[in-house]
Amino acid sequence: EKRSNGDLKAYVSFATIFGGETASSLDPCNLESEYTELINGSGGNRHPCGIGKEDDSKRFSKERVAEYDNKKMKCSNGDACAPYRKLSLCNKNMVKMDTNNDDSSKAKHDLLAEVCMAAKYEGESIKTHYPQYDAEYSSGSGHTTCTALARSFADIGDIVRGKDLYSGNKKENKQREKLDKKLKDIFGKIHGNLKDARTHYSDTTNYYKLREDWWTANRATVWKAITCNAGASQYFRATCSDTGQGPSMTPSQCRCDDKANTDPPTYFDYVPQYLRWFEEWAED
Numbered sequence: 001e002k003r004s005n006g007d008l009k010a011y012v013s014f015a016t017i018f019g020g021e022t023a024s025s026l027d028p029c030n031l032e033s034e035y036t037e038l039i040n041g042s043g044g045n046r047h048p049c050g051i052g053k054e055d056d057s058k059r060f061s062k063e064r065v066a067e068y069d070n071k072k073m074k075c076s077n078g079d080a081c082a083p084y085r086k087l088s089l090c091n092k093n094m095v096k097m098d099t100n101n102d103d104s105s106k107a108k109h110d111l112l113a114e115v116c117m118a119a120k121y122e123g124e125s126i127k128t129h130y131p132q133y134d135a136e137y138s139s140g141s142g143h144t145t146c147t148a149l150a151r152s153f154a155d156i157g158d159i160v161r162g163k164d165l166y167s168g169n170k171k172e173n174k175q176r177e178k179l180d181k182k183l184k185d186i187f188g189k190i191h192g193n194l195k196d197a198r199t200h201y202s203d204t205t206n207y208y209k210l211r212e213d214w215w216t217a218n219r220a221t222v223w224k225a226i227t228c229n230a231g232a233s234q235y236f237r238a239t240c241s242d243t244g245q246g247p248s249m250t251p252s253q254c255r256c257d258d259k260a261n262t263d264p265p266t267y268f269d270y271v272p273q274y275l276r277w278f279e280e281w282a283e284d
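Counting with my numbering, you get residues 1 to 284 for the letters of the sequence shown.
It should be emphasised that the hints constitute simulated quantities derived from the structure, not laboratory data.
A hint or two may mislead.
Simulated restraints, written as ranges between beta carbons of each label pair [what the hints assert, rightly or not]: (1) ASP185 with PRO272: 33 to 43 Å; (2) GLY19 with GLU283: 41 to 51 Å; (3) LYS170 with SER42: 22 to 32 Å.
The model shown is predicted, which means the values in this text are computed figures rather than measured ones.
Yeah, the Cβ is synthetic: ideal placement off N, Cα and C, and Gly gets one too.
Put together the whole structure using the sequences plus the hints.
Next up, the structure:
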């Protein structure tokens, strides 16, 4: 925040990805019609979960579990395995992001709208399909929906920041490289639009520090997006601390009532990915 002087804070209402028109709300949970229109206008190709090519309803099916058990896909470092949930992460819209917008002042807002789109549909997928999977392959960890959402939230954060370890097969690795190139292009535009804060970001190749700070500035909005449909779900431990009486559980929707400085209730996105995956893979 000090490095960027608040210049990296973005708002989905300023995004121009919806046919050049700005969004109707600051809340990503209220952009259902905009996201649906964007998906329909692309013939389904912009769906974060890959509907039409990869059926999201089968994401946690027995067939997919059997496939995962057979492959046990390895990360690029050879030491950690990508967990089952990560293999079908709903972020496929991000690979198709438009980086040709000449208005660099909109880049940070457009990126947030895309990341929130991925998070929102990932949250819906987890909420809809994960409980059935967990009932059959229960880890016994409790509050599993919020935990799964926090893990996907952290994986999305790693992708944005250029920290994702998963490379997958040749086709998946090609898509990953394509996405990271797009992210670098976008952060190049964000960097170019900074004023005094630009002096704090000397890396103009990978933009790692800039990407880290953008995520920090906007993670609360992404958490709101991924928990849009979380319902009465509670986070697995007491992390809300705005009462002055010590930590308390999230009342519902895996949130601390959307209060400033308490949401998101998770810090999984600041835990190294391979450590998160190791724990989750052990549960799988």
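Hint check:
no.	hint	verdict
1	ASP185 with PRO272: 33 to 43 Å	violated (27 Å)
2	GLY19 with GLU283: 41 to 51 Å	holds (42 Å)
3	LYS170 with SER42: 22 to 32 Å	holds (25 Å)
In this structure, only the earlier hint numbered 1 is contradicted, and the remaining ones agree with it.
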